[in-house]
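When we follow UniProt numbering, the leftmost residue of the sequence shown carries the number 1, and every step to the right adds one.
In case anyone wonders, no lab produced these hints; they're calculated from the structure. Honestly, I wouldn't trust all of these hints.
To be verified - Mimicking SDA-like on lysine to any residue, the simulated pairs with C-alpha atoms at most 20 Å apart in a straight line are:
id, residue 1, residue 2
1, 66, 78
2, 50, 63
3, 64, 51
4, 64, 48
5, 78, 54
6, 64, 50
7, 16, 32
8, 59, 71
9, 64, 75
10, 21, 9
11, 38, 20
12, 40, 51
13, 21, 37
14, 66, 51
15, 40, 54
16, 77, 88
17, 82, 69
18, 51, 63
Only a predicted model underlies this, so the values are computations on that prediction, with no experimental measurement involved.
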Amino acid sequence: MKINNIQAGKINQYYKQMQQKQTEKKQTKDDTTQISAKAKEIMTARAELKKIPQIREEKVAALKEKVQSGNYQVDSKKLAAKILNNVEQV
């Protein structure tokens with residue numbers, strides 16, 4: 001079989017059409033994600049938790065006031081128990 005320029009041109013044209021169809025197929029495919037209602041609820045809860053300060057300002061202020069006035073009393077048994085618990089965890 002002999003291929004001349006006319007036949008080669010038709011083959012090239014067919015090849016280009018096939019490539020164009022393949023690129024169109026690739027372009028139409030999109031990835032989508034869906035977040036469940038439970039996941040949205042968890043995300044909302046996390047956002048709300050981030051708004052809460054980790055330092056409880058009211059408690060810190062009350063303790064500062066007690067320390068400065070000399071009225072802060074420490075229960076030595078509770079303190080020793082907490083220290084021992086922390087040492088055991090390490």
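Results for each hint:
1. 66 to 78: With a Cα-Cα distance of about 18 Å, the restraint between residue 66 and residue 78 holds, given a limit of 20 Å.
2. 50 to 63: Violated: residue 50 and residue 63 sit about 24 Å apart, past 20 Å.
3. 64 to 51: With a Cα-Cα distance of about 24 Å, the restraint between residue 64 and residue 51 is violated, given a limit of 20 Å.
4. 64 to 48: 28 Å, violated
5. 78 to 54: Given that 20 Å is the threshold and the Cα spacing comes to 23 Å, the pair is violated.
6. 64 to 50: 25 Å, violated
7. 16 to 32: Not OK: residue 16 and residue 32 at ~30 Å, beyond 20 Å, violated.
8. 59 to 71: 15 Å, holds
9. 64 to 75: This hinted pair holds, its Cα atoms lying about 17 Å apart.
10. 21 to 9: Holds, because 18 Å separates the two Cα atoms, which is no more than 20 Å.
11. 38 to 20: Not satisfied, since the Cα-Cα distance of roughly 42 Å exceeds 20 Å.
12. 40 to 51: Given that 20 Å is the threshold and the Cα spacing comes to 17 Å, the pair holds.
13. 21 to 37: At roughly 38 Å apart (the allowed maximum being 20 Å), residue 37 and residue 21 break the hint.
14. 66 to 51: Given that 20 Å is the threshold and the Cα spacing comes to 28 Å, the pair is violated.
15. 40 to 54: Given that 20 Å is the threshold and the Cα spacing comes to 23 Å, the pair is violated.
16. 77 to 88: 16 Å, holds
17. 82 to 69: Distance of about 25 Å is beyond 20 Å: violated.
18. 51 to 63: 23 Å, violated
The structure fails to meet hints 2, 3, 4, 5, 6, 7, 11, 13, 14, 15, 17, 18 from the earlier list, while all remaining hints are met.
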